[in-house]
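Asks: One letter stands for each residue in the lines below.
Number of protein chains: 4
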Amino acid sequence: MPAHESITRRHRLDRVLQPFRRRRGLIVAPNLPSADRDRIAKEVEQLLAQPETTAQRVAAARLVAAYRGLDADGHGHFLDLLASRFGTDPAAIDRAAASLQRASTPTARARAERDLRQAVVPRYAALLHVITGLADGVGFLVDLRADVLARAHDDATLGSLEDELTGHLATLFDVGLLDLRQITWDSPASVLDRLMETEAVHEIHGWEDLRHRLAGDQRCYGFFHPALPNEPIVFVEVALTHGLADNLPHLLEREDAVDDADTAIFYSITSAQPGLAGVHLGNELIKQVVDELRRTDDDLKHFATLSPLPGYRSWLRSEVKANALLSTELEAFGPELDAIVDGDDSWVLDPALAERLRPGVLSTAARYLMTTRDGRARDSVANFHLSNGASLERLNWLANPAHYGIEQSLGVMVNYLYDRSKIAANAGSYLTEGSIKTSNHVKNLVKTPKR
Amino acid sequence: MPAHESITRRHRLDRVLQPFRRRRGLIVAPNLPSADRDRIAKEVEQLLAQPETTAQRVAAARLVAAYRGLDADGHGHFLDLLASRFGTDPAAIDRAAASLQRASTPTARARAERDLRQAVVPRYAALLHVITGLADGVGFLVDLRADVLARAHDDATLGSLEDELTGHLATLFDVGLLDLRQITWDSPASVLDRLMETEAVHEIHGWEDLRHRLAGDQRCYGFFHPALPNEPIVFVEVALTHGLADNLPHLLEREDAVDDADTAIFYSITSAQPGLAGVHLGNELIKQVVDELRRTDDDLKHFATLSPLPGYRSWLRSEVKANALLSTELEAFGPELDAIVDGDDSWVLDPALAERLRPGVLSTAARYLMTTRDGRARDSVANFHLSNGASLERLNWLANPAHYGIEQSLGVMVNYLYDRSKIAANAGSYLTEGSIKTSNHVKNLVKTPKR
Amino acid sequence: MPAHESITRRHRLDRVLQPFRRRRGLIVAPNLPSADRDRIAKEVEQLLAQPETTAQRVAAARLVAAYRGLDADGHGHFLDLLASRFGTDPAAIDRAAASLQRASTPTARARAERDLRQAVVPRYAALLHVITGLADGVGFLVDLRADVLARAHDDATLGSLEDELTGHLATLFDVGLLDLRQITWDSPASVLDRLMETEAVHEIHGWEDLRHRLAGDQRCYGFFHPALPNEPIVFVEVALTHGLADNLPHLLEREDAVDDADTAIFYSITSAQPGLAGVHLGNELIKQVVDELRRTDDDLKHFATLSPLPGYRSWLRSEVKANALLSTELEAFGPELDAIVDGDDSWVLDPALAERLRPGVLSTAARYLMTTRDGRARDSVANFHLSNGASLERLNWLANPAHYGIEQSLGVMVNYLYDRSKIAANAGSYLTEGSIKTSNHVKNLVKTPKR
Amino acid sequence: MPAHESITRRHRLDRVLQPFRRRRGLIVAPNLPSADRDRIAKEVEQLLAQPETTAQRVAAARLVAAYRGLDADGHGHFLDLLASRFGTDPAAIDRAAASLQRASTPTARARAERDLRQAVVPRYAALLHVITGLADGVGFLVDLRADVLARAHDDATLGSLEDELTGHLATLFDVGLLDLRQITWDSPASVLDRLMETEAVHEIHGWEDLRHRLAGDQRCYGFFHPALPNEPIVFVEVALTHGLADNLPHLLEREDAVDDADTAIFYSITSAQPGLAGVHLGNELIKQVVDELRRTDDDLKHFATLSPLPGYRSWLRSEVKANALLSTELEAFGPELDAIVDGDDSWVLDPALAERLRPGVLSTAARYLMTTRDGRARDSVANFHLSNGASLERLNWLANPAHYGIEQSLGVMVNYLYDRSKIAANAGSYLTEGSIKTSNHVKNLVKTPKR
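Chains as they are written, first to last, in the working numbering: chain A, 197 to 647; chain B, 197 to 647; chain C, 197 to 647; chain D, 197 to 647.
Bound-form chain A, shown alone (with noise of 0.2 Å):
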């Protein structure tokens, strides 16, 4: 209702439609040469000490830019900055433990506490903050933790810059803040566009591709958070479909709707933001577009997914080197195991051949998809969905004969089922004790050795 619209987003559509003409401020060095480092330090240290909160705003942009207009390396050296020059007071937290350690009442205690946890919090923390309140800076955020993340594991310092952007965009992004909403061809050029420049499971191959994608049976939904306004976090493809599909060129290809759909194929989950890894939204996703699905069309009654088996080959060439395969798969497989070992993928255009292997592929993939290393699948999309609370339901022979198919999965896709009524107890039973429900289908594929 324009009765009761937002002023904030009015304006934020016309910065993104009017952008500045004219930009100044920092100029950095693409390398950040130690000159400006020194420069840069002192304009976050002056940030810091700047009282009034609408100079420090200008004074975030300012070197939000700066940022902005870095190479990678440059990205390096200010991210070391920040994590080296602005981090904790040493001091302070040795000083804040050694009063724990000698507070002797519970007040004293409680007290000594409270100290201890604000010396812990690094000083870049304040300046997280004023990012957070600038036009753009929830989206600045998002793609500087991109960048530790892509960095953090050859730098120890950079873990508790880590740890602060990731409890920070834990709130800021919390299911709470989010808005599903369903993607169509209606949706806006921008979100769509994104949508295809990410989309990580099933590539689209341009615009028609992509309203094809979205017409007829098929449905995607994404969730959004309010200062993205038109950047989907995440967004999941679903097919309506009779039945289980177990075959995604057809699945992708097909031209009519169907007339008695009854169940829900979610084909491609993609996290669309990489600074946003491991915030865990693709499960809450999943369940709340089921439950839309549910709401909006009566007749679907089954909702699964059509999904790859990422780590499945390079398994399978890693039991075949060890020696590990049972015999009864080395029996299934017989000789035509070699080319699958030697990389030679011909065998998807001999469909006399393919049909060779599919008894020993489809005994070691049901295998594999039922091993856990830690309690957890060692497929990383069994885990995913496992976690969620699926079933391992159906294994599909050639369902993906496309390269990247052939290439991770030799061609095969699971099935998982997403019952409502037992997905708090599977999630239970695999998250705590790492079991996992499996239908018999997929249990017989498994050719254990006779006794």
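These aren't lab readings, by the way, just hints derived from the structure by calculation.
Just so you know, not all the hints are guaranteed correct.
Each pair may be met inside one copy or between any two copies, as identical chains are not told apart.
As the list claims (entries may be wrong) - Derived SDA-like pairs: lysine to any residue, alpha-carbon spacing no greater than 20 Å straight-line:
hint : residue 1 : residue 2
1    : Lys-618   : Ala-255
2    : Lys-618   : Thr-250
3    : Lys-238   : Gly-471
4    : Lys-633   : Thr-250
5    : Lys-238   : Asp-276
6    : Lys-618   : Gly-355
7    : Lys-497   : His-438
8    : Lys-483   : Ala-251
9    : Lys-483   : His-325
10   : Lys-618   : Leu-266
11   : Lys-483   : Ala-255
12   : Lys-483   : Thr-250
13   : Lys-618   : Ala-245
14   : Lys-618   : Ala-251
15   : Lys-633   : Ala-251
16   : Lys-483   : Lys-618
17   : Lys-639   : Asp-285
Given chain A, work out where chains B, C and D should sit, using these hints.
Replies: Showing chains B, C and D alone in chain A's frame:
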């Protein structure tokens, strides 16, 4: 645009309109006897151990409903239970502090700091995160903080809970997530109802009075949060005038629009959520409203307030008791001073007497406003506007002759001036040096004894 | 979505919020003396001759403002002026009619008909089109039609103006351009204000009463038009109940939601725009609301009304005067009949007396409702619902004991039933044959003399 | 605001997203054999006799679906059927005309005119009203009018149907019901798709080209109608420049925003709905966009076009053939004239030759633009802008060297100037006297023979 609307909001709305017909779950006696405390503790324990998010959320919703059903004593017991049984693990903190002291390399130190930081996070933090994701969870956390604030000064053990809620809500209510909206007669009735209920400065007497407050050359703006769609967080009332306003009743009762308005008078600013006390949004609201008014009305040149001096009269009384009035001030008052000190306000009805009081009142009020303690103005309203970068522009005699205006401020009101080009400098010198930018008009009111 | 919002609506809003500070233009004495009539005639003449649309619109806005400034007499003079000086050109019509009669070929006939059709369009039609394009033009035309309707029965020359406005507004307010919206406590205050002002059936006593009408298991829906964003065109109030409601005060005063609602009772339907009288939208509103309720609440199985019999009492009085009551009806009434005929309503307060009146009232009310004149039910409310395809389901004794309920309907109220599967058939047989679908319950109330 | 959102739009959207899975009803052979014609005639007959609106609408929806399933011949037969069997009743018209001639009193005359006006309304008018209320009825009527327009010049009997549709759609698409919206990369993809498909002046080559057209200092605005939410009715493309633009490729290919833009150049205006041809909305769109740009960008001082001369080259050819060029023009051309007359456009690639052509082209183009016929500029684009009140400001040599620019306009483009203070006067003198406001620059280009 319906073409890309929020499904989340639609269902949030549906829920509001069609509340659950039946509510079951935890039923708690209002005063929470100990058996129930144990049961609640057990519920919280299970919730924190529950691995599946939907089940966890259902449990959290039950807990929220239970809390809503308690009386004030029950709330206190619940908060104590949280703070005492679900806080930090002292042993873990001690271990982390000891590790830190032993750390001999930078990397070990960095790791130990991260561990310590984990250890000082109380267990109830996880509960607050789960509640945030509930449909009305953010509103609940705001109310919960109000309950904590009402108790915290008596109860040191609630300090950490207050810190945790403050930090969490300060992030959730970051200005980057707030919407500025104009509030008009076309706003939702629920918004207007809330506005009438919470207006703290100049009470609104029913719907017709409210309609008058929003009509003609009056404006009202508020900040809204995506998780509380129809509750203003903080709002400000503005009157467009020609020149600085010097009389509140004239402002509120005028019938017609002003032909030559050049000034926006901010005459009331209200924080509508007690649970967000201290999350400073009023400052930001004034700045954004100044920008919006500048954009939409080219003729506006001046931005100022018409504000009370809430602490003036009690300060005056204590000055009199302490014999601390200056001789020149005593002289200015003459014998009428007694009338004020005695608390007899009948002088308001006696124009001649009121006129005789004027010099004494204005001179002491001017000195009062310019007095600082610990680098801050004694008057809370003065401190608010001076911190924002406003300056002390003018005192107005008998500007608010209503009972509450006489009781606190002897009828005086102040104009604080927001001059955009000077805001940063004013705020800086006030906040760092306690220096108050004052007009000659106000300076000249102070009756400094001549030497 | 702000990303694709309507600029038009934003400015329409801005205009509402910030009305022009000064209005100049044509100043007309309220009673429109003849000098002014000439001036207005000249203005209209110039407007119709003006080739440039913006200039034309400015002139039309001046005319609208002038009309708004007139009193009722002035309005009458203005309407006469339009109808008499800016109607059709009789000579042109006569020429076209003559051509038509001379036309000897189909093509000539077709051309002559087109010419005739042009000739019968009055000149003021062009003025109405210009006004439609003004910012508040559509609202003005609605008000103008109300003024014409109030005069047309006295004034044959206004008939063509009425036809023109009716045709124009029937197209502008086609159901294809209307928005169905639920009206709740979150609707704009201006909408709710209008609702209170116009509710025609059961008066709303202030904002608290209104809030109660919209809360719990009450619903309200209205049609809105894009050119009148915050004015309901027609609205309906609905209560969800278990079974058919038989008592209005119980319905309006109940406090709690109903656990097992299976029925939606339409208890009030109001046309909020007198200028749209006869543009039949109530019928369509009921049908769309039935569909919406069915969609949003699976448990609702029955859709019915609780309606007054506005013409019943005066019909009864005339039947008595004409000695037209059946002997069985007289018998049913007994001596109490006089109380009713005399207009003494004290029986309402005497339960025993009321109970004795019951058989006579219900039997005559049932016969009254089933009586047709020229193929239509005598009772206007009955005619409305029967035309929509509802059936006559049940009479309820003392269902509305309020003053206005006794005065018109002797407290009786009717349930008309909307059974979706029978609507088309019911409406068809009623509208074509005057046949009223009636339940056995109602049929049995009629005291047909036995032979 | 979801709190007061349109249910109608939500369901309109749902319908778009989830089209009926099954469609049954009237199946018509594409070429509409006579048996079907009788059946359709019978359907229309029943529809017009059906008293119940929902049943009527269902029948109308079936008819619309049937029409959509027909090929072009079938459409023709359907239109003929409507026009011939469901037009007016000649006998009734004759009777009404006769009554009119007999009417001897003003009242009788008034009544007879009203009757005549009823009689000249064809029966299919009622069908058009029913269709308007269908979910996609307005769009259908627009398409239907396009079909009628494509046939009407050959078929006199369709003239009345054209009149009826024109009058009906002119009311429905009154500017008072249209929404002005900016079209950006954040607009619905369906809107942008339609824009690419219909852009009539300067073709858009795919999505990347479109994105470029909407970026930086480019703007696009369109009118939208509530019943066709994602279809622009008419749209205009604007480039912000410093000074008048003189070259189209430069305008379309520039990469950067302009620092000192003071001029808005309207370089393309497209009616996106053939069925609304002649419902003049482009004029109004330009005026509203000028207002909006003025509001949002204070620096813009000038509003002009960069327009083709679509009729220039063919006019020049006919002037040459008729030996009507002035001697001074022949002189200006010199021997190069032949190149143009022959249709050999290779001169575009030969800068020296092009330069020699310049004087002849510009002088004849200037004279061509200033030439009127029946009080209107010969050039259709000139007539459009001059009718709107623009003036003829400047000719630009080789401003559009693209094939289509050479073919029609010999590469010349015109700047028409919209000077707000002169628009009403310019339009007035042009439309009433055929007088074209022309700059001295253009006047001086004309090579009037000296005497």
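Asks: Cα distance capped at 20 Å. Does Lys-483 pair with Ala-255 within a copy, between copies, both, or neither?
Replies: Cα proximity of Lys-483 and Ala-255: across copies only (17 Å, versus 42 Å in one copy).
Asks: For the identical chains here, do Lys-618 and Gly-355 meet the 20 Å Cα criterion within one copy, between copies, both, or neither?
Replies: neither (38 Å within a copy, 41 Å between copies)
Asks: For the identical chains here, do Lys-618 and Leu-266 meet the 20 Å Cα criterion within one copy, between copies, both, or neither?
Replies: Answer is neither: 50 Å inside a copy and 33 Å across each miss the 20 Å cutoff.
Asks: Should Lys-483 paired with His-325 be assigned to within, between, both, or neither, using CA atoms and 20 Å as the limit?
Replies: Answer is between: at 18 Å across copies they meet the 20 Å cutoff, but 31 Å inside does not.
Asks: Reference check for the pair Lys-483 and Thr-250, CA-CA at most 20 Å: within, between, both, or neither?
Replies: between (41 Å within a copy, 8 Å between copies)
Asks: One pair to classify: Lys-483 and Ala-251, alpha carbons no more than 20 Å apart. Within, between, both, or neither?
Replies: Between. Shortest inter-copy distance 12 Å satisfies the 20 Å Cα cut-off; intra-copy 43 Å does not.
Asks: How do Lys-633 and Ala-251 come out at 20 Å by Cα distance, when the copy is not named: within, between, both, or neither?
Replies: Intra 57 Å, inter 18 Å, cutoff 20 Å: inter-copy only.
Asks: How do Lys-483 and Lys-618 come out at 20 Å by Cα distance, when the copy is not named: within, between, both, or neither?
Replies: Answer is within: at 13 Å inside a copy they meet the 20 Å cutoff, but 40 Å across does not.
Asks: Checking an output row: Lys-633 and Thr-250, CA cutoff 20 Å. Within, between, both or neither?
Replies: This pair counts as between: shortest inter-copy Cα distance 18 Å, intra-copy 56 Å.
Asks: Classify it for me, Lys-618 with Thr-250: is the Cα-Cα distance of at most 20 Å met within a copy, between copies, both or neither?
Replies: Classified as between: cross-chain Cα gap 12 Å, same-chain 52 Å, threshold 20 Å.
Asks: Is the C-alpha distance from Lys-238 to Gly-471 at most 20 Å within one copy, between copies, in both cases, or in neither?
Replies: neither (27 Å within a copy, 37 Å between copies)
Asks: Is the C-alpha distance from Lys-618 to Ala-245 at most 20 Å within one copy, between copies, in both cases, or in neither?
Replies: between (55 Å within a copy, 18 Å between copies)
This entry does not satisfy hints 3, 6, 10 and 17, going by the numbered hints stated previously.
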